[in-house]
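The hints should help you fit chain R onto chain G, whose structure is shown.
There are 2 protein chains.
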Amino acid sequence: MNTIVIGLSGGMDSSTLLGSLLGKGNSVHCCIFKYGSKHNYHEIRAASEIIEYYNLNGYSDKIHRHDFNLSSILGSLDSALIGDDRDVPEGHFEDEVMKQTVVPGRNLLFASTMASVAENIGADKVALGVHAGDHFIYPDCRPEFIRSLNTTIYLSTDGQVGVTAPWTKKTKADILNVGYNLDPPVPYYLTRTCYKSQANSCGQCGACVERLEAFKKTNHSDPILYE
Amino acid sequence: MNTIVIGLSGGMDSSTLLGSLLGKGNSVHCCIFKYGSKHNYHEIRAASEIIEYYNLNGYSDKIHRHDFNLSSILGSLDSALIGDDRDVPEGHFEDEVMKQTVVPGRNLLFASTMASVAENIGADKVALGVHAGDHFIYPDCRPEFIRSLNTTIYLSTDGQVGVTAPWTKKTKADILNVGYNLDPPVPYYLTRTCYKSQANSCGQCGACVERLEAFKKTNHSDPILYE
Chain G
1 MNTIVIGLSG GMDSSTLLGS LLGKGNSVHC CIFKYGSKHN YHEIRAASEI IEYYNLNGYS
61 DKIHRHDFNL SSILGSLDSA LIGDDRDVPE GHFEDEVMKQ TVVPGRNLLF ASTMASVAEN
121 IGADKVALGV HAGDHFIYPD CRPEFIRSLN TTIYLSTDGQ VGVTAPWTKK TKADILNVGY
181 NLDPPVPYYL TRTCYKSQAN SCGQCGACVE RLEAFKKTNH SDPILYE
Chain R
1 MNTIVIGLSG GMDSSTLLGS LLGKGNSVHC CIFKYGSKHN YHEIRAASEI IEYYNLNGYS
61 DKIHRHDFNL SSILGSLDSA LIGDDRDVPE GHFEDEVMKQ TVVPGRNLLF ASTMASVAEN
121 IGADKVALGV HAGDHFIYPD CRPEFIRSLN TTIYLSTDGQ VGVTAPWTKK TKADILNVGY
181 NLDPPVPYYL TRTCYKSQAN SCGQCGACVE RLEAFKKTNH SDPILYE
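The listed protein sequences correspond, in order, to chains G and R.
With our numbering applied, the first sequence closes on residue 227, and no number is skipped along the way.
With our numbering applied, the second sequence closes on residue 227, and no number is skipped along the way.
So here's chain G without its partners, still in its complex pose:
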């Protein structure tokens, strides 16, 4: 029963983290980031609906929301996820081309913001939903980064706040299995994973491909709409 600050993107991993932490009796402060990515509008809508789901399922006194706009920092960076001048690459998450989707410093900035919130409200943990499938492309999701981030945030807050990232060694299929076994189950029908900007998910980008593989592996059918 702790107070924990998480980054809630509205995707499968952070939504499962939210459900799991609430299920263990924690008070959870969700940070939602506007930062100028192509799919950001859909992420924020999904995160809002997921919070509403838990509010309606008995957690309204345990769930808190904080909105931040980091567009002035991240909204003009060189990344295929940002702006309109480059397309989101299609293919498998472990293809070299997917490195175009790196947003420089995104997780460090998100975690730093969450650390400020945590220190200010007296929370003792910042929790991140990074998972094993992120490691190949994203340096700011790898275990060695998370360990160093933990030390940095611990020192920055004079020992008050640490970092936890329970999915670091889990695949997206493992995470799905966790979420479907929670009561209530994680509302995957509300989550958004696709990197592209259209209303329905594309099914072709690295994020969609990895999501669909996870549902297939766990013998669940993905409840969201695809193009």
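What the hints contain is simulated information worked out from the structure, not anything from laboratory work.
Don't take each hint at face value.
Which copy is meant is left open, because identical chains are indistinguishable; a pair holds if it fits in one copy or across any two.
The calculated EDC-like cross-link candidates involving lysine to aspartate or glutamate, where the alpha carbons are at most 20 angstroms apart (straight line), are [claimed, not checked]:
hint, residue 1, residue 2
1, Lys125, Asp78
2, Lys34, Asp67
3, Lys34, Glu49
4, Lys24, Asp124
5, Lys99, Asp158
6, Lys216, Asp174
Frame of chain G; chain R shown alone:
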């Protein structure tokens, strides 16, 4: 001759860092942060004038400016430097009461932002102007924090960007001696150190007291106006 990203607050330490890095032939990208502190308006005005000074002294092709607004994150935190409901404490920088001036996570957020800029423009260093006098009050200025931050940013950027903080073991008097020996000298008449909101510096807050002591120790007279 590198490209280096610095945080420029318009105070003595970061202004001397700017002058020193320009003097060594580096290209310097200055990040200026709006974040809602009482003295923020004066800091930004000072930083602007210091950049203009170096522009007029032959460095216009070596100096770049980036403005960021972090008020949505830092502008409502619990700190005597933020908002109107608490006064800035007066006294010596090493008094316990000065810990009220901690802004939770400020340096981590500033450095994270600078790391995103550095990664995006291909710079290899983020430089911070923290100095030895900061260590007692501010955990996010201590050498162990800077070392851990260096590792975290290095890992976050896949080995591209590191952190340097050349004043970590220097006092404010040491820094003044560096700045007065540069050609052109650092324009201390343009710098702003005071934590309070009025136009002229107060001379009573921890920041002013430490500044005045440094000028006294180095036998320079402080060229700025005090109340």
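Within, between, both or neither: Lys34, Asp67 at alpha-carbon 20 angstroms: both (8 angstroms within a copy, 18 angstroms between copies)
Intra- versus inter-copy proximity for Asp78 and Lys125 (alpha-carbon distance at most 20 angstroms): between (31 angstroms within a copy, 18 angstroms between copies)
Checking an output row: Lys34 and Glu49, CA cutoff 20 angstroms. Within, between, both or neither? Intra 16 angstroms, inter 32 angstroms, cutoff 20 angstroms: intra-copy only.
How would you label the pair Lys99, Asp158 (within, between, both, or neither) given a Cα cut-off of 20 angstroms? between (35 angstroms within a copy, 12 angstroms between copies)
For Lys216 and Asp174, with the copy left unspecified, which applies at a CA distance of at most 20 angstroms: within, between, both, or neither? within (12 angstroms within a copy, 64 angstroms between copies)
Status of Asp124 relative to Lys24 across identical chains (alpha carbons, at most 20 angstroms): The answer is within: 16 angstroms in one copy meets 20 angstroms, while 43 angstroms across copies does not.
Hint compliance for this structure: every hint is met.
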